[in-house]
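Residue numbers (this note's numbering), protein chains in the order written: chain P, 882 to 1436; chain E, 1083 to 1357.
Hint data in this document are derived by calculation from the structure and do not stem from the laboratory. Positions of the beta carbon are idealized from the N, C-alpha and C atoms, including for glycine. There's no promise every hint is true.
Computed list of lysine to any residue pairs in SDA-like fashion (alpha-carbon distance at most 25 Å, straight line) [as the list claims (entries may be wrong)]:
{"no.": "1", "chain 1": "E", "residue 1": "K1167", "chain 2": "P", "residue 2": "M1376"}
{"no.": "2", "chain 1": "E", "residue 1": "K1244", "chain 2": "E", "residue 2": "A1126"}
{"no.": "3", "chain 1": "P", "residue 1": "K1426", "chain 2": "E", "residue 2": "K1244"}
Listing some non-contacts, in silico: residues in chain E with all C-beta distances to chain P over 10 Å [said to hold, decoys possible]:
{"no.": "4", "residue": "D1138"}
{"no.": "5", "residue": "V1180"}
{"no.": "6", "residue": "H1211"}
{"no.": "7", "residue": "T1214"}
{"no.": "8", "residue": "N1225"}
{"no.": "9", "residue": "Y1228"}
{"no.": "10", "residue": "N1230"}
{"no.": "11", "residue": "P1241"}
{"no.": "12", "residue": "V1242"}
{"no.": "13", "residue": "K1244"}
{"no.": "14", "residue": "N1262"}
{"no.": "15", "residue": "G1286"}
{"no.": "16", "residue": "I1308"}
{"no.": "17", "residue": "W1318"}
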Amino acid sequence: MGVIMGHEPNGKPGWPKTVKEWLFTLDHKVIGVWYLIGSIASFAVAGLAAMLMRIELGSIGPDITGDGNVYNLWLTMHGAVMILGFQIPALLGFVANYAVPIMIGAKDMAFPRVNAMSVWLLWSGILLALANLVIPDHFNGMWTGYPPYSTSDAAGNTALYSLVVIVLGMSSVFGAVNLACTVAFMRCKGMGWFQMPMTAWCVFTANIIQLIFVPVLAASVLLLSLDRYLGFGFYNPETGGDVLLYQNLFWFYSHPAVYVILLPFMGIIFEIFSASAKNMVFSYKATVFAVLAFIPAGGDVWVHHAFVAGLPDWLRVLQSFTTLLISLPFGLLMLSLVGTLYKGAIRYSGPMIWALGAWVMLIFGGLTGIPNALSSIDYGISDSYVVMSHFHYVMAVAGTMATFGAVFYWFPKLTGRICNEFLTKLSGITFFIGMNVVMAPLYFAGIEGMPRRYMDYQQFADNPTIVNAQYWSTIGAYITFLAVLLMLVAWIHGMLKGKKSSQNPWGSQSLEWTSAALIAGQGNFPSPVEVVEDWHPYNYIDNPKPTYITVASNS
Amino acid sequence: MKIKSLSYKALGALLALPLIPTLAYAFQMEIATKNNYEGLTPQAHWNEMWSEVMWDITIIGAIYFAIALFFLFRYRRTEHNQVGKSPKLSAQAIIGWVVLPCMLFLGDDLFLFVKAFDLHNQMREVPAHAQTIKVTASMWNWNYDYGNGVDTDNELRVPVGKPVVFRMTSDDVIHSHYLNGYHVTEDVMPGRVTWEWIMPVKVGESVITCREYCGANHSRMYGKLIVMKQANYDAWMVSALADAKAESGHRIASTTVGKAIKNIAASKINKGQEG
Ligand SMILES: [Cu+2]
Ligand SMILES: [Cu+2]
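Could you build all of it, start to finish, from the sequences and the hints given here?
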């Protein structure tokens, strides 16, 4: 085949040289980088939308806009692009595509052509989503798109919303099939299921969740457009439909989607913790089962998003209980994280600072989830800043810190250079402080009654807790903005002038550091890798070395 | 061998431990025949539960943080070639490290769940003598119908000391009727009648906000709850009734009757869905 194949070993380390090769690549690493670029661009757009909202909310009254439709456009873009354009592509695109195949000793993904299709579907989805910023009837029905608002004229272009979600969903499903097959069938010789890195397990589980639940999401948003444009009445009470049908379908996917994001970034934290402490992941097998337990445990809790939506009381109480049960697998993962540090030899490298920040945010986020799970408590805090602050801690901030930690962690493999350690740590610490200053005050504003998705709060003008919280939160947003700039400086400086990296800068035992070239070329490994039964990616004491199988060339 | 079987028994006993507070609480609830929130208003009960949950998560978080900080300090790398020395777990140890923490988490879950269920029962059980007020939401307005021809917009007046139940529906999109300080919100949507109830115990004013995104003026869809002394409320109602009657007949026909028909239709739809 031609030069663009990219997944047969050609023995040459390094990136493709021509634009054509980059564009028509089938190499999972190049595709992974395309995912990374797309997700960081999405992060920039959605992050700027957040900045605008924070500036607007800094004080009562219009600050930069008095127009609800403009504000709601920012809010819709922030939620939709952060989740669908940044988090899922960064974790199930970049980490899954770039890192996982090398980590399991595969020469590429199982279906390289499908892989290329997934990434270009993602890019189409992102471009379509960005089009929402320029079309006159922009969709402003929030990333959740609840009918009947989202099917009314006030919401703008419902079709665009349906289309973006369906295109990105297709990209996800193709990617999920591909990665599941890669992990199942492409592991190197000798690597058993329980010799896989946590990242591979977590991404694999996340993709199984995607395969089960994404079709439901696609259906739910497709019905929106059928209702709006063709007069079907799935969600229209006047024709016998039901507005709550949408919420049930939507959250049936979108709660598990939390674990689609949470699990891979926890996998990254495991990776960085283990490599930094040079320590076995605590209770590895049990931790793997805890990860898998999220598939059934996460599938039966969606009603906690609709505790106040008029669903029957018995269902609220039942799913309040099933939601609490999430604390079992989640608690085991948190136990395993702290256990991985026990008797470790912790080095506080740059990526470790980001991973630690993610971990602390995860503790806050996990614990603040408990009150939300109790249906009767939820009657008081539903749709308030309490909920918003909670899910930003657990998903947004912890996830973002882990994702950027992953970029710093695999930066030497991407570029052959290491980011300046001081800048890495400084940006990480600044980001951590900034996001805490953004989110912690808002939790207390939520307790005082501040609702979500407000552009103004003059009804709370005489409540100093809310007014001060909004003010400080905006200060925090400026700090976070600075942190992101510092991070970009660290990346650009690292790419151009960073110290040349050694083959295995973090001292990991995982195959991508031990057996592939630092900047791996086509096919990842000079020849197929083989590991023995005692080999383990987290065995730092007496790990048998992976070996290469020499194959007779037949071409 | 003997030591081993003994340790299994000890393990078994430990497993039961976390369930004790839960069982004790459930038992207490049973003997109090569901009345252990007697004398507590739902909002006071909610506040109590909230602070208990906050203590619960603060204590768990503090313990976890303390251990984490100790490990982070104690096990930092001091020599260049140092590697971690975490002990290799036996199969029993792995099972122990799964089952024991899970029982602890489950114990805490059950404890909170039973208490929250108690609160749920109070918040979702309307007292028999409650006054009914019909709420109709629309973009961006709250309409309160007192059932006697009087209705108000974005201003809700209730007498102190009497439970009030709101029967709510929407003319357009989904809204959510939140009464600040009472810790209740319930979505208000077309095609269904939802409800919530409150027990006002203090004379004064508080904010009513919309808590479900409903478009451009979502954040401006707010009103006032005015809790009045019974005498003042009665006086207000008399004058409001007179005002309502003074208005022309066609308004009553087009608004009140129209609304009543719509409400009947809405409740029929609702029944159909539940049945
Ligand atoms: Cu959820
Ligand atoms: Cu509203």
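Results of checking the hints against the structure:
{"no.": "1", "hint": "E:K1167 - P:M1376", "verdict": "violated (35 Å)"}
{"no.": "2", "hint": "E:K1244 - E:A1126", "verdict": "holds (16 Å)"}
{"no.": "3", "hint": "P:K1426 - E:K1244", "verdict": "violated (77 Å)"}
{"no.": "4", "hint": "D1138", "verdict": "violated (7 Å)"}
{"no.": "5", "hint": "V1180", "verdict": "violated (5 Å)"}
{"no.": "6", "hint": "H1211", "verdict": "holds (21 Å)"}
{"no.": "7", "hint": "T1214", "verdict": "holds (17 Å)"}
{"no.": "8", "hint": "N1225", "verdict": "holds (18 Å)"}
{"no.": "9", "hint": "Y1228", "verdict": "holds (23 Å)"}
{"no.": "10", "hint": "N1230", "verdict": "holds (26 Å)"}
{"no.": "11", "hint": "P1241", "verdict": "holds (23 Å)"}
{"no.": "12", "hint": "V1242", "verdict": "holds (21 Å)"}
{"no.": "13", "hint": "K1244", "verdict": "holds (20 Å)"}
{"no.": "14", "hint": "N1262", "verdict": "violated (4 Å)"}
{"no.": "15", "hint": "G1286", "verdict": "holds (13 Å)"}
{"no.": "16", "hint": "I1308", "verdict": "holds (14 Å)"}
{"no.": "17", "hint": "W1318", "verdict": "holds (22 Å)"}
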